[in-house]
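Participant: Chain residues, written in single-letter form:
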Amino acid sequence: MDHSNRRSEAASVVHPATTPSQTVGPFFALPGALPWPDGPELLPAGSPGATLLRGRLLDGIGDPVPDGLIEIWQADERGRFAHPDDPRGTSTDFPGFGRCATGPDGEFWFRTVKPASLPTPDGSEEAPHVNVTVLARGLLARVVTRIYFPDEPTANAADPVLSAVDPARRDTLVATAEADGYRFDIRLQGDDETIFFAV
Amino acid sequence: MPTDSIGKPADRLILPEYERDDASHPALDTEEYHSTSLRSPRRPLQLLPQNLTEITGPVLGHERVGDTDHDLTVQHAGEPLGERIVVSGQVLDSDGKPVPHTLVEVWQANAAGRYRHAGDRHPAPLDPNFSGAGRCMTDENGHYRFMTIKPGAYPWRNHDNAWRPAHIHFSLFGRAFTQRLITQMYFPGDPLFYQDPIFQSVRDPKARERMICEFDLDSTIPEWALSYHFDIVLRGRHATPFEEDEDDED
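Protein sequence lines, in the order shown, are assigned to chains A and B.
Position 160, counted from 1, in the first sequence is what UniProt numbering calls 160; the numbers after and before it change by one each time, with no gaps.
Position 123, counted from 1, in the second sequence is what UniProt numbering calls 123; the numbers after and before it change by one each time, with no gaps.
Same shape as in the complex, but just chain B (with noise of 0.2 Å):
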């Protein structure tokens, strides 16, 4: 056996501690989404400490990005139909600092509301032109920038005349295990919000509030595209202001 597989005894592990952050996110059983009844954890979650499986995490680099994964509206021999939009913003962690070259992955519905997915029985018409999957990295400052087209509501069946807000899918990865996220972005001002359990199964309205867009005028690409501004905030590392102080000692 390697003895550096465990370290020599006088080096003593330091190892980072991110944030508990639950007030943050949805009971897992929320009665009102139905899929939950059989699906969610019953049981109370057991405290997993934060050692070396936990503050590590995959580090997924450029090579998971293809030349058009950045830009949905392209990735086609013709352009899909439904308005363009740039999505764009930053990811940062809960003591205010960007994750640079983090993998951002999203995913939507067409701007009919219908999903290319073969489980998706919604009858409206697929787009031969629009997959509706993305990917790309954060530049060093976290920033991450989307071109696609504005996807539609849909209906869902969970109750009577269920109707999703229209959303995007993201799944952010951060730099650690503790950090992994998956969201659905909104947009402003949806007369469908006051009937969605998902997005109300968050039930803080301040942090329901962190999961909508805002229209971002300067971003907009005049004669093209209109442009919204999403941040995403993941755990950061409960900083105590002494320890920022050292980081700025070196």
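Pulled out of the complex, with its shape left as it was, chain A reads as follows (with noise of 0.2 Å):
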């Protein structure tokens, strides 16, 4: 075959810049519009190794952000995800989005269950983790993180995303775990705030 030929026709392609992010703004709630009813619940309540992971989404000096936006996306508990890219299959039937107004408090929760670990194409695994996108008046583009759990530490331990970050700053990827399931507070700016990444 000739490469050369075949190379200068996808050349011609046009290959569009991206359109930018803009803020969501301060009303993005309004009747109809991005939360949905059935948003936080990723699972019916009694289901079979169903979570809470709950949190509040805080600003520079820890005053709750009220008007936020939380999404998370993650693997079933098989590590498995319902999607056409996922070279592995789409063996699952676990949503996997789930979508959360912040709270008065900038408070935040999802039913959910805890992803198992993850191969990469390196050969090497990423413990159990849920991303987060994060998005409010005041973020002139969604924020992402990852949410780790406290219950993995050999997991944990040879993550590759959590060995790259700053250890100091570590444990602001690590829920902390409460009686019916896990806590993860997001902090904007400030001291302690959270480990952002950029995708």
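Everything labelled a hint here was simulated from the structure, so no lab data went into it.
Ideal Cβ positions, reconstructed from N, Cα and C, are used throughout, including at glycine.
Where hints are given, some of them may not hold.
What the hints assert, rightly or not - Per label pair, the in silico range of CB-to-CB distance:
no., chain 1, residue 1, chain 2, residue 2, range
1, A, R78, B, D22, 32 to 40 Å
2, A, P121, B, W163, 46 to 54 Å
3, B, D29, A, A158, 32 to 40 Å
4, B, T220, A, E178, 51 to 59 Å
From these two lone chains plus the hints, build me the complex, please.
Facilitator: Structure representation (structure tokens):
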């Protein structure tokens, strides 16, 4: 086959530049807009393995952010995604996605499962984690963080992402255990600012 | 433990890679937009590798879209006041490929510049026939279409006599966590652009233009509604010509 010809054809494909991000603003929660009534519930109460993940969104002086939106995306308890781009297949019904507007005290919650570890292309293994998108008035683009679990010390110690961050700030990515689940507070700014990622 | 959660060691995972597009986006600590002062992270962002959680994302389907969600002018007993407009366009990625069957969410102020939200203190009238929220799915070619009314500008107290240019908020998922985008669509020639720190937070003038829709005479509905065209470009897969060749060989 003649690659040089085919490459020149491909080079003529238009590569448009991406649309810029803008803030979600203060009014995304108007009736029928972003928050969904079932947004925080990835599975019904009483489901096997269900756990609560909750926390508060706080600003640079520790005040609650009462007009934020938290979204999570995660694998199921076997490490599976219902998604066609997962090369391991799509054998799960678990939705993996949750969305919760913060309350007057900056609080948010999800009923979900703790995901399993995940393989990576370089052969290492990522510890159980939940990806988080934070949106709010005053944030011109989403910020992204990850929730890791306190009862996975061995997996966390081997996790390539946790291993790469500043050890003094690593704990900002690890939830704390509670009687019926886990707590993960998000601090947008300040001495104990949560680690945020560029994806 | 089911071994299939890890996969056989021999099966090396090959994952797509989404291009980074930091140059398109505003700096989080844009001082002129005062709400950023206590809310924008100050430490450098850490680079997150694009692994399974990043290259997958929620598959949100038609179950999220009601019959009248795409038409913000028919959601109440009467018609909303204002200038009827069609807003349509295509969701693409930066490889130029359409993003099919993906959820598009919009929300906006009414024609008087007032949101149906308890936090909106602008003393302009609410419209009993307008909520201001819509959603639809893109079709197989990435096209979407809403019917709505043109939103009004409104004051917002950020600085002395600050007014937001008229805009419609857009929320997009694409097909991967990496592609999630929240943006605002502005209207051509708005005289308020120069004093709006949210619009101006995008420093590159060419990038700012990508948030402005185009008047679209061909899509107007004669004797009924004007029309604006707005394409939205999400991060692409950084496809090299070689990879595109291989796609074509199937």
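Participant: All hints are to be evaluated individually against the structure, with a verdict given for each.
Facilitator: Structure-based check of all given hints:
1. R78(A) - D22(B): 32 to 40 Å: At roughly 35 Å between Cβ atoms, D22(B) and R78(A) fall inside 32 to 40 Å, so the hint holds.
2. P121(A) - W163(B): 46 to 54 Å: Distance hint for P121(A), W163(B) holds at roughly 49 Å.
3. D29(B) - A158(A): 32 to 40 Å: Given a distance of about 34 Å, which is inside 32 to 40 Å, the answer is holds.
4. T220(B) - E178(A): 51 to 59 Å: Holds - the Cβ-Cβ distance for T220(B) and E178(A), about 56 Å, lies within 51 to 59 Å.
In this structure, every one of the numbered hints holds.
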